[in-house]
Amino acid sequence: MIRLYNTATRAKQLLAPINPDRVTMYVCGPTVYGRAHIGNFRPAVVFDVLQRLLRHHYGPDKVIYARNITDIDDKIMDKARAEGVSIDVITERYETLYLEDATTLGVERPDLHPHATTSIPAMVDMIALLIAKGHAYAAQGHVLFDVSSHGDYGSLSRRPLDEMIAGARVEVAPYKKNPADFVLWKPSAKDQAGWPSPWGRGRPGWHIECSAMIAESLGQTIDIHGGGIDLTFPHHENECAQSACAHDGAPLANIWMHNGFLNFGGGEKMSKSLGNVLSVGELIEAGWTGDELRLGLLSAHYRQPLTWDEALLGQMRGRLDKWLRKLGDVPKGVRPPPPPAVVEALADDLNTPAALAAIAGIEQDREVLLGALAFLGLPSLGAERSRNAADMRGGGEDPDAARINALVADRLAARKAKNWAESDRLRDALTAEGIVLEDGPGGTSWRRA
RNA sequence: GGCCCGAUGGCGGAGUGGUGACGUACCGGACUGCAAAUCCGUGAACCCGGGUUCGAUUCCCGGUCGGGCCUCCA
Numbered sequence: 001m002i003r004l005y006n007t008a009t010r011a012k013q014l015l016a017p018i019n020p021d022r023v024t025m026y027v028c029g030p031t032v033y034g035r036a037h038i039g040n041f042r043p044a045v046v047f048d049v050l051q052r053l054l055r056h057h058y059g060p061d062k063v064i065y066a067r068n069i070t071d072i073d074d075k076i077m078d079k080a081r082a083e084g085v086s087i088d089v090i091t092e093r094y095e096t097l098y099l100e101d102a103t104t105l106g107v108e109r110p111d112l113h114p115h116a117t118t119s120i121p122a123m124v125d126m127i128a129l130l131i132a133k134g135h136a137y138a139a140q141g142h143v144l145f146d147v148s149s150h151g152d153y154g155s156l157s158r159r160p161l162d163e164m165i166a167g168a169r170v171e172v173a174p175y176k177k178n179p180a181d182f183v184l185w186k187p188s189a190k191d192q193a194g195w196p197s198p199w200g201r202g203r204p205g206w207h208i209e210c211s212a213m214i215a216e217s218l219g220q221t222i223d224i225h226g227g228g229i230d231l232t233f234p235h236h237e238n239e240c241a242q243s244a245c246a247h248d249g250a251p252l253a254n255i256w257m258h259n260g261f262l263n264f265g266g267g268e269k270m271s272k273s274l275g276n277v278l279s280v281g282e283l284i285e286a287g288w289t290g291d292e293l294r295l296g297l298l299s300a301h302y303r304q305p306l307t308w309d310e311a312l313l314g315q316m317r318g319r320l321d322k323w324l325r326k327l328g329d330v331p332k333g334v335r336p337p338p339p340p341a342v343v344e345a346l347a348d349d350l351n352t353p354a355a356l357a358a359i360a361g362i363e364q365d366r367e368v369l370l371g372a373l374a375f376l377g378l379p380s381l382g383a384e385r386s387r388n389a390a391d392m393r394g395g396g397e398d399p400d401a402a403r404i405n406a407l408v409a410d411r412l413a414a415r416k417a418k419n420w421a422e423s424d425r426l427r428d429a430l431t432a433e434g435i436v437l438e439d440g441p442g443g444t445s446w447r448r449a
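Quick note on the working numbering: the first sequence kicks off at 1 and runs consecutively.
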């Protein structure tokens, strides 16, 4: 039994897949016009955990998870023009970086990675269908969705149509029947990226891409649709409307899930204009590991806002180090199954803090701990830059290992001679350079703090 | 201006109509030559004001503060 909070109903509900042999989930992925920041990866990590939970529950091959790449967009075109290159130079560069960062965070590759530019025909078909059904109209090279044609418009985000128009902050264009109508297709100038269509050469609007790709690759109605909370309106509202209208009222998704935002200290939104955004790459260069970042993203419930700062990461480091000490050497290969307490916590609307609390209760059993951490995608043992078990014990590839080992041996000799002053001096010297010594029954080991 | 979400110990963070998880920090104990690591244990919180109730941190109303959306946005 998996219960998930549905934004459409503002309540938790039981997940009841349309077809338990083919559970479908779609998550809005990045628009690849620049390097994603850590906040952009919250949905990637959160829905990666959900994807693992679904596979555990329904079977590894019973889940189809799609996360799109938006590779045509005005911001991409702007960037390409600024650099004097074609858009695919831009999109390939940032898609590669996105996937690398996702891997660093332990995010498994989704089953499907639909790209907007390879789904243009599906979009054109859907737009034509919407026009034929009287839900869209062409005007001055544009095709617009007629929001007044859909009685449920605004139901997902709970925004009555008349209120939105009263707000009057929507773009008013002369070719729009209604200010809230949104673009399905827009014309491209000769020097802009474009594709042929019945309405002339142009490019798709943002919202139609997800609707078309979902219909094309997953079906008319999917089980779960996810994304950041900011996408609720207008993006998901519009997707919802388009798909329902194109499919004679069939809902696009049965459950809508939205993750909360990351904040920086002081409650400030992470924003490029404030200069406080950090990419995964920058955080790695700052010395944090992918596991620490992933655990940080999972430390709060996904719908809650999460303050992202060094204090949080420091706490995550401490927690991971403790687990790694308990795990010791972990061979690669098959992982133990996750403990029921962890699965149950996640089955209740992906309650990762409760899952972490459950781990605290079972961490004495190495196998159980390993199963729990593996299920959460932690730790990525052996992954590059990971603080793995070997590093923790002073083995690994530490360039100073030989020198440090020699000092440790000196100290051991001093201790044997009960020369406490000398042994403490050596330990203090190592402490000063960030080396922590641990005297155990099997001898002395060391690690970097 | 409209709509939505949140406010829990020093910090992070679940949850609940009736003894308030968990992590971390602090303190005490065991262990240690002393530490570290490990183990055991104590103490410590539900924004404010009303209301409903036998009883509210939990439900309702109002307020304050914070965040989000209404235009591209994870």
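Hints should not be assumed to be uniformly reliable.
[Stated by the list, open to error] Derived DSSO-like pairs: lysine-lysine, alpha-carbon spacing no greater than 30 Å straight-line:
#1 Lys176 with Lys79
#2 Lys75 with Lys190
#3 Lys190 with Lys176
#4 Lys176 with Lys75
Note that these hints are calculated values from the structure, not bench results.
Everything numeric in this text was worked out from a predicted model, so none of it was measured.
Hint-by-hint comparison with the structure:
Of the supplied pair hints, the one linking Lys176 and Lys79 holds, its CA atoms being roughly 28 Å apart against a limit of 30 Å. Of the supplied pair hints, the one linking Lys75 and Lys190 holds, its CA atoms being roughly 17 Å apart against a limit of 30 Å. A threshold of 30 Å between alpha carbons decides the hint, and for Lys190 with Lys176 the separation of about 24 Å falls inside it, so the pair holds. Among the hinted pairs, Lys176 with Lys75 is consistent with the structure: their alpha-carbon atoms are about 23 Å apart, no more than 30 Å.
Comparing the model with each earlier hint shows no violations; every hint is respected.
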